[in-house]
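The lines below spell out each chain.
Number of protein chains: 2
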Amino acid sequence: MLPLSLNTVTVRERWSLADCIEGCARHGIPGIAPWRDRLAEMGVAAAARRIRDAGLTVTGLCRGGLFPAADAAGRAAAIEDNRRAIAEAHAIGAACLVLVCGGLPPGSKDLPGARAMMRDGLHALLPEARAAGVALALEPLHPMTCADRSVLSTLGQALELCDELGEGAGVAVDCYHVWWDPEVARQIARAGRRILAFHACDWLVPTTDLVFDRGMPGDGVIDIPALRGMVEAAGYRGFVEIELLSRRWWAEDPDDVLRIMKQRHATVC
Amino acid sequence: MLPLSLNTVTVRERWSLADCIEGCARHGIPGIAPWRDRLAEMGVAAAARRIRDAGLTVTGLCRGGLFPAADAAGRAAAIEDNRRAIAEAHAIGAACLVLVCGGLPPGSKDLPGARAMMRDGLHALLPEARAAGVALALEPLHPMTCADRSVLSTLGQALELCDELGEGAGVAVDCYHVWWDPEVARQIARAGRRILAFHACDWLVPTTDLVFDRGMPGDGVIDIPALRGMVEAAGYRGFVEIELLSRRWWAEDPDDVLRIMKQRHATVC
Numbered sequence: 439m440l441p442l443s444l445n446t447v448t449v450r451e452r453w454s455l456a457d458c459i460e461g462c463a464r465h466g467i468p469g470i471a472p473w474r475d476r477l478a479e480m481g482v483a484a485a486a487r488r489i490r491d492a493g494l495t496v497t498g499l500c501r502g503g504l505f506p507a508a509d510a511a512g513r514a515a516a517i518e519d520n521r522r523a524i525a526e527a528h529a530i531g532a533a534c535l536v537l538v539c540g541g542l543p544p545g546s547k548d549l550p551g552a553r554a555m556m557r558d559g560l561h562a563l564l565p566e567a568r569a570a571g572v573a574l575a576l577e578p579l580h581p582m583t584c585a586d587r588s589v590l591s592t593l594g595q596a597l598e599l600c601d602e603l604g605e606g607a608g609v610a611v612d613c614y615h616v617w618w619d620p621e622v623a624r625q626i627a628r629a630g631r632r633i634l635a636f637h638a639c640d641w642l643v644p645t646t647d648l649v650f651d652r653g654m655p656g657d658g659v660i661d662i663p664a665l666r667g668m669v670e671a672a673g674y675r676g677f678v679e680i681e682l683l684s685r686r687w688w689a690e691d692p693d694d695v696l697r698i699m700k701q702r703h704a705t706v707c
Numbered sequence: 439m440l441p442l443s444l445n446t447v448t449v450r451e452r453w454s455l456a457d458c459i460e461g462c463a464r465h466g467i468p469g470i471a472p473w474r475d476r477l478a479e480m481g482v483a484a485a486a487r488r489i490r491d492a493g494l495t496v497t498g499l500c501r502g503g504l505f506p507a508a509d510a511a512g513r514a515a516a517i518e519d520n521r522r523a524i525a526e527a528h529a530i531g532a533a534c535l536v537l538v539c540g541g542l543p544p545g546s547k548d549l550p551g552a553r554a555m556m557r558d559g560l561h562a563l564l565p566e567a568r569a570a571g572v573a574l575a576l577e578p579l580h581p582m583t584c585a586d587r588s589v590l591s592t593l594g595q596a597l598e599l600c601d602e603l604g605e606g607a608g609v610a611v612d613c614y615h616v617w618w619d620p621e622v623a624r625q626i627a628r629a630g631r632r633i634l635a636f637h638a639c640d641w642l643v644p645t646t647d648l649v650f651d652r653g654m655p656g657d658g659v660i661d662i663p664a665l666r667g668m669v670e671a672a673g674y675r676g677f678v679e680i681e682l683l684s685r686r687w688w689a690e691d692p693d694d695v696l697r698i699m700k701q702r703h704a705t706v707c
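For the record, the sequence lines run as chains A and B.
The first sequence begins at 439 in the numbering used here and counts up one residue at a time.
The second sequence begins at 439 in the numbering used here and counts up one residue at a time.
Since the hints were made in silico from the structure, they are not lab data.
Treat the numbers as computed from the prediction; the structure is a model and nothing was measured.
Careful: at least some of the hints might be erroneous.
Identical chains share a label here; the pair holds if one copy fits it or two copies do between them.
Here are the simulated DMTMM-like pairs of lysine to aspartate or glutamate, each with C-alpha atoms no more than 25 Å apart in a straight line [claimed, not checked]:
no. : residue 1 : residue 2
1   : 547       : 657
2   : 547       : 647
3   : 700       : 602
4   : 547       : 479
5   : 547       : 661
6   : 700       : 598
7   : 700       : 518
8   : 700       : 621
9   : 547       : 670
10  : 547       : 457
11  : 700       : 558
12  : 700       : 601
13  : 547       : 475
14  : 547       : 601
15  : 547       : 566
16  : 700       : 605
17  : 700       : 451
18  : 547       : 451
19  : 700       : 670
20  : 547       : 460
21  : 700       : 509
22  : 700       : 651
23  : 547       : 693
24  : 700       : 519
25  : 547       : 605
26  : 547       : 491
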């Protein structure tokens, strides 16, 4: 069984990062993946210390990326922000910086252009990530997010980029984003040791919102054990991170959410 | 410019098939693609006659498919229904029978299994389709429909099946379903003369519903002229079918919808 990590977005509406760190310790969850906004609230140095004192592994920092922008100044600002994200990931000892690569610039219909901006951004960033010892985890997002969140849509596309980028670049495999892909088994095998993170959540039927209706593992139709088996067969030995963006789960008591996460981790993922 | 066809689902809430046939004639739209429920209401023979008398080209019959089912009886019933669809497509002289291949059987998490059922269904159907002279148009649907509508998710996957099936099988390329795909240009080129239909509608930002929030061409972010250029370069010489499943457009006066469709056809697709 891969050890469990709490992606803090799962309880973002009710818990600060400090609450999450204490919650993980209290529930015996050994991993944590913070989001940058909450890291900033707490202060990076304080967060790093508290996470270390709690004995937690930081399975990833969410998130860098968001490369495409309408003009050169916007793209440069994105790179600047990603530089800060690399420094933060280094400071908290994150296993990787998770990259959500960004959608089309506002008003644009130029998808190949946005993909070129993503590629340029990654090339600009990689040397600094390498220098800091921070691995970049390219996370393909579900194609329904292509317009406004991620022009990186498939594992195959992410691995093409990784092939080109070389050392220091890998992928984050999120069940929710890749389960539908007819190529998923082949691409996970191809990824091999470049799998830097494994995220679990479930696809609900019906799904009522394109962003905030993800399911707790076991509540939907994704064969999560099959996907976990694929990443393990590819050599992945990290954590399974449960990351829910869900209005339904945000409304629950976070201690209940963590309890249910632990049960599902034991039975489903 | 590819000639325009009205997919009747675009005005399904207010117009019968007879209304659609008259509407196309009145607005000078030379193609029509009926749905089977409306064809049944009118009667196949009557519809065939009226469509012929109006001088319309039937660019496709929507829809066959829906192969996966929980048990063998369910799968046999689906094949039976597809046989009737082939007969109907033949009767109205449809350029193809559009196949929406179906989602996971209720309660199932076995996506490879559902895909095998789709494949078996296609193999069972093809001889009869060939005998009737009805081309089968495999339509990959957006991955967000994988669980409940279509385990056929990409053009690449559809063309693998077409390679295996041989003569009589091709694809329907719908901008809405394929625009995000990093492989789209390569797969459209690969498809070549196997492109049996080209459907246009647009991806809205934000999209508020996974099924019924498609945009009128020009209102979203899809570079429809680029996709049309790809299918033309691949040798496609058929119609561009406007197919909207949209609560917003269903509420409009259908004559207004057809007028706007014609404008957008002239300027966008």
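Tell me the numbers of any earlier hints that the structure contravenes, in ascending order.
Going through the list in order, the structure violates hints 3, 4, 6, 7, 8, 10, 11, 12, 13, 14, 15, 16, 18, 20, 21, 23, 24, 25, 26 and respects the others.
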